[in-house]
Amino acid sequence: METPSYLNDGHGLKSWLLTKDHKRIALLYLISITAFFIMGGLFAMFVRLELLTPAGDLLNAETYNKMFTMHGVVMVFFFLIPSIPAVLGNFLIPIMIGAKDLAFPRINLLSWYIYILGGLFTFVAALSGGVDTGWTFYTPYSTAAANSHVILAALGVFITGFSSILTGLNFIVTVHRMRAPGLTWFRLPLFVWAHYATSLIMILGTPVIAITVLLVAAERALHMGIFDPALGGDPVLFQHLFWFYSHPAVYIMILPAMGVISEIVQTFARKNIFGYSFVAFSSLAIAIIGFLVWGHHLFVAGQSVYAGLIFSFISFLVAIPSAIKVFNWTATIYKGSVSLDSPMLYAFGFIGLFTIGGLTGLFLSTMGLDIHMHDTYFVVAHFHYIMVGGAIMGYLGGLHYWWPKITGRIYSEFWAKIAAGLVFVGFNLTFFPQFIAGYLGMPRRYHEYPPELQVWNVMSSAGASILAVGYALPLVYLVYSLFAGERSPADPWGSKGLEWEIPSPPPTANFEVTPIVTHGTHQYAPSKEVGIV
Amino acid sequence: MSGHVASTRLYYFVFGALVVGTLLTYAAALVDFGFFNNVVMLAIAITKMTLVMLFFMGVHWNSRLTKVVAVSGFFFLLIMFTITMSDYLSRGWMPGSLR
Amino acid sequence: MSNGPSRAEHYPGPLHNPPVKGGEARKHHAPHAHHPKLQHHFDSMEQQLDASILGMWVFLVTEIMFFGGLFMAYLMYRWANPDAFQEASAHLDKTWGMINTLVLIVSSLTMAMAVRSAQTSAKPKTQVMWLVLTMVFGTAFLGVKYIEYSDKFAHHLVPGPNFQWPGQYASGAEIFYSLYFCMTGLHAVHMIIGLGIMTVIAVMAWRGKFDAHYFTPVEVGGLYWHFVDIVWIFLFPLLYLIGAHYGAGH
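Chains as they are written, first to last, in this note's numbering: chain B, 5 to 537; chain R, 6 to 104; chain V, 508 to 757.
Next comes chain B alone, as it looks inside the complex (with noise of 0.2 Å):
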């Protein structure tokens, strides 16, 4: 006897692939880049490998350099951008502001279909032997002198740059346009608030990489003069235009985690968050200083030092919301009633690991370090410290925590807590010899090395196994919970917001009826009330 929900609305694969329905756009979005999450996993396994010995003994240098360009491009853009906005996002978005699905439905459809199809023309790249620029794509190598399937890469990347749009341009209509009576801006779950920015970086930003990997892609195959040199053109302005983006982009990836983090600390706090109205402009503030600090990407590649100066102080600066936000979440467990239920394990490493990738972030910023250590293995470590442990753990967390919502099935909590202690071991040893080894002069994006640095090295490909176990697992669990895991109720973690009143899995509609909020989620009884402070 099944009870009615999206789930069940519909059979068939017509049902799904034509769906309008928000919440399973966002499952069709769930498999595709847990597939391309595999695919770029398995780019980095090449990587790891080839760096166990100092070397170049298991691939020869370019496809070395294809290997770790892949990785990047398939992380980047079908992986990290998309992952929490397409998946978490579209599910809850609706739901926590009491509508009933997104403005757009089949605007978000056809999003899904767009990203499937730069899926597909990076797969093809990939097939047809790959590309070897870096995910950078710096001219003129990419436009000149590259052996390799740019313009495929290029095209990819412009295609699925309008999937991003498309979700962004969702959101924000649908936030500013489809509250439920009475939800005003700061009643809003911080997830949203989270969200709203980030579909800003999404409008403003997207658009001018969509622009600068086309003309290298015309630069490439009509030998126009743009990025080129030897044709008249700058290089350093395709670094301009391409960093406008890809440095708001990694707020496009951290922001929504931080958003699922916001809501996962209160839950398993007990406890309402400090600094409601900080947590939520901070979102915006990095959103906006975001877009002001592109130039510290381009310290040594030829930019005037006064630039230099500016663009180094505002990246100081962008790091102030971010803290505020790492204050305000351990303010919140501080005195809380914690309970260590996986979703919040992986809310702790965020917290920790995040703060250490910002923390070296900082490092970087300032021009004279970063003089030493750009395009070493510190740059390395640093991103993937707020990228895997950051935003992928926020998306984990997200999972865990929301699964028994989207899927009306819980998971095995003691496999769970494992795979959450082996994401974050496993994680650790990957990525703190990096940053020794990018201290200690290992460049980057190298198949080879000096043999006195093979010990991080082999540290580092070490701990990307035990990582890889880690990230295995819930994929075990987390799908045999499907079929076997125990049905969950509407609010199986006492938790508090719109989404947690509506059946587990929710019905088609979402609401019967529109809510009318009175106030704000997350509105647990305060500490006086129960006897502490």
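Hints in this document: simulated from the structure, not taken from any laboratory.
Ideal Cβ positions, reconstructed from N, Cα and C, are used throughout, including at glycine.
Among the hints, a few may not be true.
[Claimed, not checked] Computed spacing ranges between beta-carbons, pair by pair:
| id | chain 1 | residue 1 | chain 2 | residue 2 | range |
| --- | --- | --- | --- | --- | --- |
| 1 | B | 494 | V | 547 | 16 to 26 Å |
| 2 | B | 49 | V | 643 | 57 to 67 Å |
| 3 | B | 13 | R | 47 | 48 to 58 Å |
Given the structure of chain B, go ahead and fit chains R and V onto it with the hints provided.
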């Protein structure tokens, strides 16, 4: 909300202004004002754009949110233009350095 | 899984609430709640139209940033090669450029009239007339571009291995023409897409789909069309008129 219906007279008036602006731009370009040519050209183009946005696109009667959105794109373009050009313009300012 | 304190004390629960009386973001007593074109997740035709207009404006912001990358390249290269750009621009035909500008302005007028005709529940024939007029002018624009591009090909002004520059600043001129083709080419692509959109809208208008209660596609299509016009309003002076007083024109 675009419930507002503009009068045809307004549309023809705006059209006329746009045509005049185009002819003015062309005429001004034939005279050498030096750097000022750019100022005149851009001023006329921005005026024409404003007329199209306000009246043909109806922004004048739209909600405040739509007005903010309409302006925001140009604001961010300005950020990209000014900060990028600040790099190029300040090269060679550091004595003894190429940057 | 631990359960927190009873939710009832803090959160009445929306499913037990009576239907709404009205709120700041959603309207629930719309006269046309059952209009056949009202999508199920919207509460009123007004909300649907407003959301659609906002959505198209957000999309136009992305288009501004999309073209903006090219304008950035133009800005930098013109600053770096002022004389080359002047010399190169002088070889573009200002007259065709101005004609095209006027053509697009007329098409914006007819587009505005088309939206207005739908808003005022004009006869389908009238609506279609304005839309077709808009498309005619759009096509004329593309025709002129075809003439111009053919001329460039014939005179070896297309960047690439066949580029030949008779004047003094060959390298800068090639960059100018790269930007010329990229910017006007991207604009022309947008124009072609616009013609496709207008075709669909014209067919819908012919079938009597639009009146004062529902004209969203025309309004939203119109916004796109005007945007494409605005891009050209900037392209014309920036590409065609910087060399106007430089020396011998075309």
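Going through the hints against the structure:
The hinted range of 16 to 26 Å is satisfied by residue 494 (chain B) and residue 547 (chain V), whose Cβ atoms lie roughly 23 Å apart. The hinted range of 57 to 67 Å is satisfied by residue 49 (chain B) and residue 643 (chain V), whose Cβ atoms lie roughly 59 Å apart. Between residue 13 (chain B) and residue 47 (chain R), the C-beta spacing of about 55 Å keeps the proposed range 48 to 58 Å intact.
The structure meets every hint from the earlier list without exception.
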